[in-house]
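Going down the list, the protein sequences come from chains L and U. By numbering that gives the first Met the number 0, the letter at position 125 of the first sequence is numbered 124, and the numbering carries on one by one without gaps. By numbering that gives the first Met the number 0, the letter at position 47 of the second sequence is numbered 46, and the numbering carries on one by one without gaps.
Accuracy of the hints is not assured; some may be wrong.
Partial list, computed: chain U residues near chain L (C-beta under 10 angstroms) [what the hints assert, rightly or not]:
#1 L44
#2 R72
#3 I79
Here are the in silico distance ranges between beta carbons for each label pair [claimed, not checked]:
#4 L:L263 / U:S70: 43 to 51 angstroms
#5 U:E38 / L:A120: 28 to 36 angstroms
#6 U:T81 / L:E31: 21 to 29 angstroms
#7 U:H28 / L:L263: 28 to 36 angstroms
#8 L:G33 / U:S70: 30 to 38 angstroms
#9 L:L263 / U:P39: 47 to 55 angstroms
#10 U:L51 / L:E53: 33 to 41 angstroms
#11 U:P39 / L:A152: 45 to 53 angstroms
#12 L:V5 / U:E38: 47 to 55 angstroms
#13 U:W22 / L:D262: 32 to 40 angstroms
Just so you know, the hints here were simulated from the structure itself, not pulled from any lab data. We put the beta carbon where it would ideally sit given N, CA and C, even for glycine.
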Amino acid sequence: MIHRRVFAAMGTEVELLLEAEDSSLLADVEAEFGRLETVLSRFRSDSELSQLNETGAGHVGPELLEVIELAIEARAASGGRFDPTVHDAVVAAGYDRSFELLDNDGAGASSVPVRVGGAVAIDRTAGHVALEPGYRLDLGGIAKGWAADRALAVLAAAGPALVNAGGDVAAAGRVWPIAVEAAGEEITLGLEDGGVATSGRDRRNWLCEGEPRHHLIDPVTGSPADGDVLTVTVAAGSAAEAEVLATTLFLAGDSRRALDEADLAAIPTVLVTSAGEVLLAGGLE
Amino acid sequence: MTTDHAPRLYALVGSILGFFLAWAGIAAHPWAQTSSSAEPQSAALATYSRRLNADAALVALLAGRRKGASSVRVVTLPPITTTRTS
Numbered sequence: 000m001i002h003r004r005v006f007a008a009m010g011t012e013v014e015l016l017l018e019a020e021d022s023s024l025l026a027d028v029e030a031e032f033g034r035l036e037t038v039l040s041r042f043r044s045d046s047e048l049s050q051l052n053e054t055g056a057g058h059v060g061p062e063l064l065e066v067i068e069l070a071i072e073a074r075a076a077s078g079g080r081f082d083p084t085v086h087d088a089v090v091a092a093g094y095d096r097s098f099e100l101l102d103n104d105g106a107g108a109s110s111v112p113v114r115v116g117g118a119v120a121i122d123r124t125a126g127h128v129a130l131e132p133g134y135r136l137d138l139g140g141i142a143k144g145w146a147a148d149r150a151l152a153v154l155a156a157a158g159p160a161l162v163n164a165g166g167d168v169a170a171a172g173r174v175w176p177i178a179v180e181a182a183g184e185e186i187t188l189g190l191e192d193g194g195v196a197t198s199g200r201d202r203r204n205w206l207c208e209g210e211p212r213h214h215l216i217d218p219v220t221g222s223p224a225d226g227d228v229l230t231v232t233v234a235a236g237s238a239a240e241a242e243v244l245a246t247t248l249f250l251a252g253d254s255r256r257a258l259d260e261a262d263l264a265a266i267p268t269v270l271v272t273s274a275g276e277v278l279l280a281g282g283l284e
Numbered sequence: 000m001t002t003d004h005a006p007r008l009y010a011l012v013g014s015i016l017g018f019f020l021a022w023a024g025i026a027a028h029p030w031a032q033t034s035s036s037a038e039p040q041s042a043a044l045a046t047y048s049r050r051l052n053a054d055a056a057l058v059a060l061l062a063g064r065r066k067g068a069s070s071v072r073v074v075t076l077p078p079i080t081t082t083r084t085s
């Protein structure tokens, strides 16, 4: 029997699926998601992340330290396309509060690009993080992916399980059929072990002075990314890795280049273009 | 009476040097304003350069990734959940 639990956490909807006799673990995982929100959310002024962003430096707990390290490693590994120091650029673009509270009129939005790429000094032994002055962190997607992976590790001990944190999916134990929103077409990926994530501008978008804006910042320009890619869905070894790769491919600049990179690196990818084309790459067919 | 040629020689060399310095100064058009179009072009070049550097690093990374990091394929099973932009 598959047990299902759905709840709101980390600014999105979280879904847990567990194939086991006992479903009591689901409540524990829900509580853990709530606790992680108090650590990792940039929208809660009392979160550990917000306090770090406010002070610019300080001692942090092991979870925040781990996610910051993961994000900084991802920045290096993606050649700078994935960058957690986009915080101020995202806020300048108008995404300054939890998305469900966001006006669609772009109030407070600015078309002026903001610098991205500040230094982040991490002292793992001391549990201390220092941000370059003028930069703050947005751990958004990678935090959700990391939380999904962490929750899966707990659930998978009891049986085949899946965690879907607002589109960042971690799964293990059996083939889990996962639908990909693809411009009206239905594509279903069978994921056995690993993660799936989608980056795109079809959601979490708004208007600024009549122009559509979205939350995916190109670190090179400091503004929402241009290009003909609408969404990129990627499968990888974990939800956090899938999140990083999906963002990295989205920021490739155009669909042809993103598909070439997916093929080159054998990243299973479903890409939807602005024109509604659905394209597969990285071994998917 | 002997003629001292040294001052004349110095004067000649000084004149030639002054001439070339004046020529170089005039050729540099120091009175001309910097073209306003140079700044956006310079910024665009800097942006392009940064993107090239980033892309080069990424290609090196992608080329080094191991194949088959996840087990996934397109299936015809009814979906049990949906991934969407997070």
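Verification of the hints:
1. L44: violated (13 angstroms)
2. R72: Given a least distance of 5 angstroms, the restraint on R72 of chain U holds.
3. I79: Holds. Min distance 5 angstroms.
4. L:L263 / U:S70: 43 to 51 angstroms: violated (20 angstroms)
5. U:E38 / L:A120: 28 to 36 angstroms: Taking Cβ atoms as reference, E38 of chain U and A120 of chain L lie about 33 angstroms apart, which means the hint holds.
6. U:T81 / L:E31: 21 to 29 angstroms: The hinted range 21 to 29 angstroms holds for T81 of chain U and E31 of chain L, with Cβ atoms some 23 angstroms apart.
7. U:H28 / L:L263: 28 to 36 angstroms: violated (49 angstroms)
8. L:G33 / U:S70: 30 to 38 angstroms: Holds - the Cβ-Cβ distance for G33 of chain L and S70 of chain U, about 31 angstroms, lies within 30 to 38 angstroms.
9. L:L263 / U:P39: 47 to 55 angstroms: violated (33 angstroms)
10. U:L51 / L:E53: 33 to 41 angstroms: With Cβ atoms ~36 angstroms apart, the hint holds.
11. U:P39 / L:A152: 45 to 53 angstroms: 50 angstroms Cβ-Cβ, so the 45 to 53 angstroms window holds.
12. L:V5 / U:E38: 47 to 55 angstroms: holds (53 angstroms)
13. U:W22 / L:D262: 32 to 40 angstroms: violated (59 angstroms)
Of the numbered hints stated above, those contradicted by the structure are hints 1, 4, 7, 9 and 13, listed in ascending order.
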